[in-house]
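Got chain A; can you put chain B on it based on the hints?
What follows is each chain in one-letter form.
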Amino acid sequence: MAGEDPKQDNLFFKLRALFLATFTISCTANSGYAILAVMKDDFVNKRKWLTEEEMADYIAIVQSTPGPMAVSSSTVVGYHVAGFAGALAAVLGVILPPFLVMIAVTVFYEAIVGNPYVVLFLRGMQMGVVAMLFDVIIGLFRNATDKGGAYPYVIMVLAFLYVRFTGCSIAWLVLACIAAGIAKALLVKRQEDLR
Amino acid sequence: MILVIQVFLAFVRIGFMVFGGAYAAIPIVEHEVVVSQGWMSYAEFMDLLALDEITPGPILINSATFVGMRVAGIPGAIAATLGCIAAPVIVALVLLYIFRRYKNTPLVQSIMTSLKCMAVALIASTMIKLGVAAIAPEAPTIELLYSVYVCAVIALAFYLMHVKKLGPLPVMLGCGLLNLLVSGFIL
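Top line first, the protein sequences correspond to chains A and B.
If you count the first sequence from 1, position 44 lands on 219 in my numbering, and the numbers rise without skipping.
If you count the second sequence from 1, position 74 lands on 75 in my numbering, and the numbers rise without skipping.
Chain A with its partners taken away, still in its complex shape (with noise of 0.2 Å):
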């Protein structure tokens, strides 16, 4: 409002919003998909800063990234709403609880481990956790079948098997999923041709 450039004032704004909402999230959120479920609240539907159908790309770029999702889903959101200082800024926010908690914590850490309190809080979260997942899923589910066709189910039903019982890397499955999303392509366009 006062600063001479609107634009310079918005990026400060964006900047010190998305770092204080990676803080917030990595304050209370243990696992990546946690942090995508607040994320898609808070930026989705609250700040408008991405669509639903962008949002789910991103989970599929972040799926495909090693590393914690924490940190990969951060950058990608964070470069979308502001650039590369938009990325540093979400990644520094997501970081910083972890780390200084860890610091504190393992000084302290016969007290914390043996307090029954707070076991208990955790496993209460840990069964708000499960549910967060299941609305996660129903989301990415309607947004990955919605062009219709087979290919989806076999897809997920195929990566479901896999995860789910060989215990094998998840590198081969997405190098797989890439694969069979490049051949589904070229059927398509040949298909095409042939009309």
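Please keep in mind that the hints were generated in silico from the structure rather than gathered at the bench.
Hints are supplied without guarantee of correctness; some may be wrong.
Pairs of lysine to aspartate or glutamate, EDC-like flavour, derived with a Cα cap of 20 Å [claimed, not checked]:
#1 K166(B) / D368(A)
#2 K166(B) / D310(A)
#3 K165(B) / E229(A)
#4 K189(A) / D216(A)
#5 K165(B) / D216(A)
#6 K322(A) / E229(A)
Relative to chain A, chain B alone:
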């Protein structure tokens, strides 16, 4: 100083190898830190896993900070944390670039559809693992009353999030408080 660089490089390597969510990080950290480098004993590693469960944030960051701290103090903790975020940040930016550039081609659309389907499968698998662990924590022994109670909490949380459109954060904190009250004072 050499130790700090070694810690950094070890966690860069770990970062590139972890695919498929938080729990996938555990065996890879174990291999690098306990088996290859011998920085920790198995007993210490088990301590680390317990700590991961009760601290906020991604397991890999927690582990990196803990291991770095143990091996080389605060500089080690910083080096390890920065090391393990290198892979996700770089790869995510590269993939995002490729995706944006070729977004509207049928080829990339088809690949994205496949990856979305994979995401559904991966999340479903994690959900089942966590769900079973929550409903029957002392498996194979199942305490029926407790399992029914957990299912009810999960259903209530899902209803609040999916139908009532409440954010996941307040719902999860609510679940924590609820369980503290119910399991702590009633059951």
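How the hints compare with the structure:
1. K166(B) / D368(A): Not OK: K166(B) and D368(A) at ~46 Å, beyond 20 Å, violated.
2. K166(B) / D310(A): Within the cut-off at roughly 10 Å; holds.
3. K165(B) / E229(A): This hinted pair is violated, its Cα atoms lying about 23 Å apart.
4. K189(A) / D216(A): holds, 17 Å
5. K165(B) / D216(A): holds, 13 Å
6. K322(A) / E229(A): Answer holds: K322(A) to E229(A) is near 16 Å, not above 20 Å.
Taken one by one, the earlier hints fail for this structure at numbers 1, 3, listed in ascending order.
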